Structures are given as structure tokens and as C-alpha cells.
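S.K.: For reference, the chains in residue letters:
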Amino acid sequence: MQLSEAVGPSGQEESIRLQLEDLWRPFTTTMRADAMGNLIAMQQGSGPEPRPAVMAAAHLDEIGLIVTQIEEGFLHIAPIGGTDRRVLLGLEVLVHGREDIPGLIGTRPPHVLSAEERQKTVPWEKLFVDVGLPAEKVNQLVHVGDPISIRQPLLTLENGRVAGKAFDNRASVVALTLALEELAQREHAWDFYAVATVQEEVGLKGAITSAYGINPQLAVALDVTFGKQEDDSKIGVFELDKGPTIGLGPNFHPQLFQRIEATAKELEIPYHLDPTPGASGTDAWGIQVAREGIPTSLLSIPVRYMHQPVETLARRDVERTGRLLATFVAGLESSYRPGWEDEVDETAARSDQ
Amino acid sequence: MNLGLLTQLTQAFGPSGYEDKVRALIQEHVAPWADELRTDPLGNLIAYHRGNGKGQKIVLAAHMDEIGVMVSHVDKEGYLRFTRIGGVYPLHCIGSRVRFADGTHGVIYLEHREDTSPSPKLTQLYIDVGATNKDDVPVSVGAPAVFVRPLVQQGERLISKALDDRIGCYILIELLQQVQDSPHDLYFLFSTQEEVGLRGARTAAFSINPDMAIAVDVTITGDTPKALPMAVTLGDGPAIKVQDSGMIAHPKVRQLLVDAARKAKVPYQLEVLRGGTTDAAAMQLTRAGIPSGALSIPCRYIHSPSEMVDSEDVANAIKLLAAALA
Amino acid sequence: MKHERLVDILQSLSNVMSTSGDESEMRRALRPLLAGQVDELRVDSLGNLITLKKGTGESQLRVLVTAHIDEVGMMVVDHTPDGALKVQAVGGIDDRLLPGLNVCVGKEQLPGVIGIKAIHHSSSRERLKAIPLKELSVDIGAENRKEAQRLAPVGTRVTFSTQAHPLGELIAGKAFDDRAGCTALVALLHEEPFPFDLYGVFTVQEEVGLRGARVAGYAVAPAVAFVLEGTIADDLPKKEDVGPTSQIGQGPVLTVMDRSYISAPWLLRYTVQLAEKLGIPYQFKQPGIGGTDAGAIHLTRGGVPSLTLAVPCRYIHGPISLLKPADLEATITLTSAALRHLTAEQLANN
Chain W
0 MQLSEAVGPS GQEESIRLQL EDLWRPFTTT MRADAMGNLI AMQQGSGPEP
50 RPAVMAAAHL DEIGLIVTQI EEGFLHIAPI GGTDRRVLLG LEVLVHGRED
100 IPGLIGTRPP HVLSAEERQK TVPWEKLFVD VGLPAEKVNQ LVHVGDPISI
150 RQPLLTLENG RVAGKAFDNR ASVVALTLAL EELAQREHAW DFYAVATVQE
200 EVGLKGAITS AYGINPQLAV ALDVTFGKQE DDSKIGVFEL DKGPTIGLGP
250 NFHPQLFQRI EATAKELEIP YHLDPTPGAS GTDAWGIQVA REGIPTSLLS
300 IPVRYMHQPV ETLARRDVER TGRLLATFVA GLESSYRPGW EDEVDETAAR
350 SDQ
Chain Y
0 MNLGLLTQLT QAFGPSGYED KVRALIQEHV APWADELRTD PLGNLIAYHR
50 GNGKGQKIVL AAHMDEIGVM VSHVDKEGYL RFTRIGGVYP LHCIGSRVRF
100 ADGTHGVIYL EHREDTSPSP KLTQLYIDVG ATNKDDVPVS VGAPAVFVRP
150 LVQQGERLIS KALDDRIGCY ILIELLQQVQ DSPHDLYFLF STQEEVGLRG
200 ARTAAFSINP DMAIAVDVTI TGDTPKALPM AVTLGDGPAI KVQDSGMIAH
250 PKVRQLLVDA ARKAKVPYQL EVLRGGTTDA AAMQLTRAGI PSGALSIPCR
300 YIHSPSEMVD SEDVANAIKL LAAALA
Chain U
0 MKHERLVDIL QSLSNVMSTS GDESEMRRAL RPLLAGQVDE LRVDSLGNLI
50 TLKKGTGESQ LRVLVTAHID EVGMMVVDHT PDGALKVQAV GGIDDRLLPG
100 LNVCVGKEQL PGVIGIKAIH HSSSRERLKA IPLKELSVDI GAENRKEAQR
150 LAPVGTRVTF STQAHPLGEL IAGKAFDDRA GCTALVALLH EEPFPFDLYG
200 VFTVQEEVGL RGARVAGYAV APAVAFVLEG TIADDLPKKE DVGPTSQIGQ
250 GPVLTVMDRS YISAPWLLRY TVQLAEKLGI PYQFKQPGIG GTDAGAIHLT
300 RGGVPSLTLA VPCRYIHGPI SLLKPADLEA TITLTSAALR HLTAEQLANN
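First to last, the protein sequences are chains W, Y and U.
Numbering that gives the first Met the number 0 numbers the first residue of the first sequence as 0 and each following residue consecutively.
Numbering that gives the first Met the number 0 numbers the first residue of the second sequence as 0 and each following residue consecutively.
Numbering that gives the first Met the number 0 numbers the first residue of the third sequence as 0 and each following residue consecutively.
Worth flagging that the hints you see were computed from the coordinates, not collected in a lab.
The structure presented is a predicted model; accordingly, all values stated were derived computationally and were not measured.
Treat the hints with care, as some may be off.
Covered stretches of chain W, going by a simulated chain U footprint (3 or more residues, C-beta under 8 angstroms) [stated by the list, open to error]:
#1 218-229
#2 271-280
Here are the simulated EDC-like pairs of lysine to aspartate or glutamate, each with C-alpha atoms no more than 16 angstroms apart in a straight line [said to hold, decoys possible]:
#3 Y/56 <-> Y/210
#4 Y/20 <-> Y/101
#5 Y/75 <-> Y/134
#6 W/241 <-> W/267
#7 Y/251 <-> W/13
#8 U/237 <-> Y/74
#9 U/133 <-> W/70
#10 W/227 <-> U/77
#11 W/233 <-> U/134
#12 Y/251 <-> W/33
#13 Y/225 <-> W/70
#14 W/241 <-> W/318
#15 U/133 <-> U/191
#16 Y/120 <-> Y/110
No residue lacks a Cβ here, since even glycine has one placed at the ideal position from N, Cα and C.
Produce the entire structure from the sequences given, and follow the hints as far as they go.
M.R.: Written out as C-alpha cells, the structure reads:
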């Protein structure tokens, strides 16, 4: 889970990608970064050629901030992705300028504000990053457009829970790494593509282009979902430490869903069902409609306090997700293709004739 | 600055989906300089410059279309209701004039309203073409129209309707003449339907399948009264895109443009835009992904009928791009 | 196709339960209707039913005609301790229409009802407010959570349960968006071969974002595409002089521009001229409203000139909509004519 501390706002995934390349290299047959910066690792299967391919995607990027203007040495900022400005005040950050410069996020103190202003969240234009350097020095080191990441160490809580930043989606990158490790030891007929996608938080971009490039026969996206926490949300939230969620709905191929569910049962891994009537908001949504369409599924790890620097999860859910993915992939027969229930009657009707 | 050409370009009729007249005009100006010229199924005009076989395959895109309105209903009294083509703001419309393809002019005004919200809704506006009743209206439901406003030059500033993005078209036309020796395979893409969702560039980029794509479009500035923080100023040089709401520019493309600015010794600015995007956002997602970026011309009052750019920024953008493609 | 047969197909397709992502029942209903009428038939990885009707060989064009087989509805997402089903919308549903409805739950077609708090117990303020879907639930008679989970597990589809029937001079039924288009496409595929290969695709997941059409458009890679729809007719009496979107009885509805695309001007012009020449009524859809599969198809690969022709329908996206068979017939006639007169030269010149 140390990956959560690595730096990788959307569009700035290069340094974490390099770390991941080192981590993945022992387990892969080939590895490449594509034009968008997606890391595409392939683990060759043992089935006969032409070998089908299954792609598992977890996004590498995290939400972050960007410098929009520099005023008297203070940095004006804007979000990269869905950054929640309610949680920014008082945070420590790292400004990726000519060099990495630590800073913190400040705003005017409550004493000088009107009662009305104190009741509102601070708008973007009134948030600043303060790096504690004289203006001339700041102008030398920082430019408009430089990205900023949140500094937050990993924290271990009770009962195997951990907290930190960027669990969305480093938790899934870890699960994907575990699956790669496991599959390196196991026989699998299909080629397995592990893809660390970029720019998910700004529009599923890496998933859309990498799915087109790989053109796999099946795909599984890995992401995080909402953990049950102390507020009044009831639907679409999932208890921690009760396993990953499996998506069902238009974004997911029904037979692929059934097969993954069956695998979870077989492994006695607990899981939740995540009914999703429309857009899943994950890489799965982009992958499914690549080229002529790709049967796609989604495994998600429940995480509390999404898009906050204190995202919290249960370690065991990450391990379960990796194990479930690996066993699913290892179990794919060369001839397997998900079909449709009405095709089954068609085949039955034909064999009757 | 070829003001004659820019006047023709900005004044041509070309709302999204109906770019024929702009296309014909551009075609006339690029034909002598292009090795090949074609129009694709969505109406994009693609002018090709053949390189020496050692360069890269690069798309440069500027969109031909402009925002406008389309008649959605004609009432009994002969007033027209309309819908927007692209990002048309009701506040900009009141008192504006629009022109239809057949030359009919109309005035947009606001019906009497009881609600006191600062901005009216589009449905509270109508077009008056001077008709006395329904049968007297010369245009019908589905007819598109564009805003009317001439090009004016005042000092270094240029003011007109549709500088978004005819100024980009202008730059590409001038640029094509200057890059005749470029080693690269260059595709000058004059795209359609940008204002309604980056549509033309998306399909054109699929057909061309380039190694790199650069959009040339306008961006907003932070130099007007009480503007939100934005480090782009009119006249301080073309802006090299870092990020906008639709795209993060590929670092390689951004660096190429920065290096070119230094080489050409032209001033430049870096751009982070909160709202809005360009054709590059669509081209980026083509096939397995195309490294994409954008060069922006700082522009005040975008999507109003009086957009304002600086002619030095325009000249510097041409120099910058010529250096990048040399 | 004969009037009675057409109405019969429309009514039978209207009764099929087929929400976005769960369209097996529609494919099952279509297969016998297409038997012997098409040369190839396959289902792709999203569930699109892709058929090929080979042409006479006169023309090398490749033409796509689509109609979507999904409908708006709901999906079970949770169960209450008392055995009620909590649901979320699949596609755009009008919450105001739901209270007091009968619905149909799952493959077994279990009947269910959506009731609300009695008027006696509702405050005067509550009576003025539309109740959002998340506050509603479906009652199938289950007594507790466990029974509800067994009968209608999470993910189960919930649809309107309307059975189609004639109403005055009109036909009433659910899901005319887009069973009207599906019926028209079936009728076209029953015609004599066209001069070119015609791909008739029954698309999935239109209501959740034009998903099926996008991949089908990519797979077929046509030179031109027609999209058959059932569209909004807002032609009730109104105090204000505003557009009706489209009107029942005025013939096929042609799209100029909606939120998803702008029709290729030449294709629209060509179709209008044909309609006028052949004396087929037509109307323009009020621009700027709604979106269709054409929005996805026209952006596939290098771009595809596209046009949507629709049957005007009142009350679409609700439990019961109305259409006039003459509009459906005219839509088929006009689409057929537009297909049969289409030439490669027209495409090349535009």
C-alpha cells in the first residue's frame, strides 16, 4: 500500500509508472507504456494460438491540484479531477515545479471574516498554496500549470484498516499487482494484460485508448466504491471488510458477471452486489464501448471518505480482490466467450432439428 | 496581417453543421499551397502537406464553425423562438442581430418577464424578423442563423464575431504557406461542429491517424475587471495549453511548443483553463490515443458577438508554429 | 406489410420487457419475425442484434438502419426490512408518473405496485410535491427482506406492465420509444432486397447513453445511416404558443438538430425532396430536444452522414404512450424510398 504515498495526479503519472514498472517486471512477459502513458504489462498464457486476451485495468492517477496563477508568491489553484475543496484547508502539499517544493493550503483566518463567510466553504479563488518562500524565488521555481499533490502518510488503524490518500485507485493497483504475482505462479490459458490506466479522474481517458489498443476479448476494471460510513447514505454503500463489490447492470456483461460471482463463491470470498442502472463512472464504462464492444466487468473495493486525504479501507478487501481476479483469469478456458441467454435457446432449437 | 482575408473569414456564414461557405472560402486560399485537399463525410476540410518521409505525421486543427441559433418554433404573430447552436448565452443575445443563410436579418429580444433572476432563460427570448404574422416569415423551423457583427481593427486589437475560431483558421492558412519546406507530413484540419461537441475533429483524426495533434483555438483571459484568477493576458503572446476542462496536454506536445517559442524568440504564456476545451480533447482519444496539445490565442468575450484578440498574439502564434514544424 | 400485421407486430413488441442492458427478451421476440428475411444474424458483445440483408448487387454502398430494443424502466437496488423493493431508474424516467402504477418485476413477470402514503396522512405541503423515486418502493407482496431478496434479487429489472391495445384511432402501449422504430425496421427487412447490402441493427442501451449504436456503427462501418425512432409529441393544448416538438398524425418526424447530432444537410434535403415528390407527409422535430443513436453512429470511425426518422408518439418514457398507425406506415414508406433512391454518387457529391 506504499503506492498510495507515490505522486500521480492525472496527467502526471510518469514517476509512479516507473515505480510500478519495477514492481511488475518480475511477473510479466512484456511491458510497455503507450502514447497516453498507460502501463501495459502482458503475461503470456499457455493456450494455443490465436490466444484470447483478458485485460484488467486499474487507474494509476489520483485527483490533485494545479497552479493557475502566481500572485505575490502565493499560488492560486484549481482542481485536477473531482477534488473536494472542503477538505483542503490546512493540508500539506507538494508543488511539482522546477523541483518539488513543500507547501500548505491557506486561506484568510476566521477572525477577519463575516459570520456569513464563515458558514460557507472557501471558493477556489480564495484558496492559496503557501510555500514559505519569497516571491522572486517562487517565480523562479514555479510556473502556471505545475501540478500539486497532497502529502499524506499511510496510517494504520485498528482491525486491519488503513487510511491515506489516493486509495482511489492505488488500492486496485495493489490488487492488480497481487493478481499478477499469483498468475505468474499459476497456469492460465489466456494472455493476461494488466493495465495501469492514466487520466481516469478526468474522463476515463487511459481506459478508452488502452482498450482500443489492446482490443481484448474480455475486460475487468478494478476501482474503489463507497464504503459504509457514519452518515445517512443507505443505497450504494458497502461495509468494509466484507469483500469487493461486483457490478451488475448495463455496463457489465451478464454472463461475465455470473462467472465472476461463481468464482467468488468457489473461493469462499465474501462479496457485495453493486447494482448500477447506468454509467458506472469507472474505466469499465470506457472500455465496454471500445471498437466493436468488449464484454466488461467491474470489481470494486469499498473505501470510506472518497476523494479525501483520509480514504479508509480494509486490507483484506484488497487481497480478496487480487485473489478473485487471479482465479477468474486462471479459470478461463481458451474457448470461453460470454454469450446471451437468448442464444442458448437458439442453439437448443438447432440441436432439436 | 491580411485584414481582407480575416474579414472574409469572420464574416462568412458558418454555424456548426453548416460550414459550407467557410469551407469554400478556405479551400480557395489553401488550394495553391496544399499537396492534397479533401472534404470528409462530416464536412471537415483537410489540406495535406507532404513531408520528406523522415518527419512525423501531425494534425493542426482549427474549427470552421461558429456558435449560432436555430429556429425551433414560429408563433402566430410571426415571432421566432430558437434553440442554441453551441454555447450561446441568453445575456449576450438581447439586442443582438442574427442573419440566416438566405440573408434574412432578425433582432433578438426578451419577452416581458415577471421573474427577477439575473439571466433570462433562452425560452424567454425571441427573434423578430419584422414579420406581421406566421405566413409572412421567410424562414422555417430548423433554419440556422449566426450573429452579426463586423470586424474592426483598433490599434493592435481586432474585434469581431466568430474570431472563435476563424482566427485559428486564419493562422493555419498563413502557416501553410510558411511551412512548405517542413519535413513533416502535415494535415491542416479545418474542422466542423467543434462548438457542439468536438465532433468533426474526432472523426477526422480517426481517418488521419496521426502521431501528434495540435489544436489552434482561442482561450479566455484573466485581465478583465474582476476576472477569476487566470494567468493569460491579451497581447502577452500565444498561450500554450497545459490543461483545460476536457484535456491535459501531452507533456511532449507542450514542450515542443515551449521550445519552438524560445527558438522563434516569441513571448508565450502557459494556460490552465477551468471551463472549456478544444478539438485536441477529441483528437487525443482517437484510436489508441494521440499525443495532443493546443496553442491558444488569448481572446476576451468569447461566445459573445464581440470577441477581441490581439494581432501581435496572432503573428507570434504563426511564428511559433512555423518554428515548431520546421 | 399489411396494416393489421404491422399493428400486430407493434403491439407484440410493445409488450416485451426489455430494459437497457437486459434486452434478451426483445432479441428473443425478434428472431422469429426476422426468420427467412435476413441473410445473416448475430449478437455482438453488448447484445446488439446485427442482421444483414444482402442487396441485389446493383450498388456497393453499405447502409445501416437501426432501431433500439431497450426501454426505460427500473432496477432493484435494495430491499427494505418489510419486504419492499427499492429501485433506481434505468434511463430517463418521469418520477411523477410512478405513484399508483402496476409494474412487472423480473423474468418471472411478478406483478408489483407502487403506492404512496394515503392522502389522509399527507400534509398539504406533501400533496404539492412530486415524490422522488428514491422515496418510492415497489410492493410485490413479499413479507420480509429475505423473501423480497429471493423473489427479486438486486439487479432485477422492473418495467411498466401495460399491454398494448387500440384506443380510438390510435394504438396505446408502453415503450413505443422505440418499439415503433423496431416495428418499422422489421417491416423494412421484410421488403424485397435493396440495391445494396443493408445492415439492420437492433441496438441496445440507447437510453443509458447510445452505447450499443456506438459499437455497432464501428463494426458495420457504413457509408450512411438511418435511425428509426419513436419520438416526443407534445401536442396537447397549451396556453402558450410554443412548439409541440412533433405532432401525431403529421407523418414521420425528421431531425434537423438535436442534442446529440446535426443531420447531414444533404441527406435531410434529399429525404424531404423525396417525401414531397411522393406525397408522403413529414414534419421537422423541434430542434434542440432529445438525442438518438444517430448521435453515436455519426461519430464512428471517419464519420457517417446520418438521419433520424421517427414516429411521433405522445407520452413516451411513461407507462403508456399513443401513436397513430398511419404515422408508422408513412415512416416506413419514406425510409424505404430514401433507401431505394440512395446512390453512391449522392454521397460522393456531398
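S.K.: For every hint, state whether the structure bears it out.
M.R.: So, going through the hints one by one against the coordinates:
Only when three residues or more bring their CB closer than 8 angstroms to a CB of chain U does the claim for the stretch 218-229 of chain W stand; here the count is 0, and the claim is violated. Counting residues of the stretch 271-280 of chain W whose CB lies closer than 8 angstroms to any CB of chain U gives 5, so the stated coverage by that chain holds, three being the minimum. This hinted pair checks out: residue 56 of chain Y and residue 210 of chain Y have alpha carbons roughly 5 angstroms apart, not beyond 16 angstroms. Proposed proximity of residue 20 of chain Y and residue 101 of chain Y is supported: the alpha carbons are some 12 angstroms apart, at most 16 angstroms.
Distance hint between residue 75 of chain Y and residue 134 of chain Y is fulfilled; the C-alpha atoms sit about 8 angstroms from each other, no more than 16 angstroms. Pair hint residue 241 of chain W plus residue 267 of chain W holds up; C-alpha atoms about 11 angstroms apart against a cutoff of 16 angstroms. Pair hint residue 251 of chain Y plus residue 13 of chain W holds up; C-alpha atoms about 12 angstroms apart against a cutoff of 16 angstroms. For the hint pairing residue 237 of chain U with residue 74 of chain Y, the CA-to-CA distance comes to about 13 angstroms; that is within 16 angstroms, so the pair holds.
Of the supplied pair hints, the one linking residue 133 of chain U and residue 70 of chain W is violated, its CA atoms being roughly 46 angstroms apart against a limit of 16 angstroms. For the hint pairing residue 227 of chain W with residue 77 of chain U, the CA-to-CA distance comes to about 15 angstroms; that is within 16 angstroms, so the pair holds. For the hint pairing residue 233 of chain W with residue 134 of chain U, the CA-to-CA distance comes to about 12 angstroms; that is within 16 angstroms, so the pair holds. Among the hinted pairs, residue 251 of chain Y with residue 33 of chain W is consistent with the structure: their alpha-carbon atoms are about 13 angstroms apart, no more than 16 angstroms.
For the proposed pair residue 225 of chain Y and residue 70 of chain W, the alpha carbon gap of about 15 angstroms is at most 16 angstroms, so the pair holds. In summary, the hint linking residue 241 of chain W to residue 318 of chain W is supported, as the alpha carbons are separated by about 12 angstroms, within the 16 angstroms threshold. For the hint linking residue 133 of chain U to residue 191 of chain U, the alpha-carbon distance of about 49 angstroms lies beyond 16 angstroms, and the restraint is violated. Simply put, residue 120 of chain Y and residue 110 of chain Y have alpha-carbon atoms about 10 angstroms apart, close enough for the 16 angstroms limit, and the pair holds.
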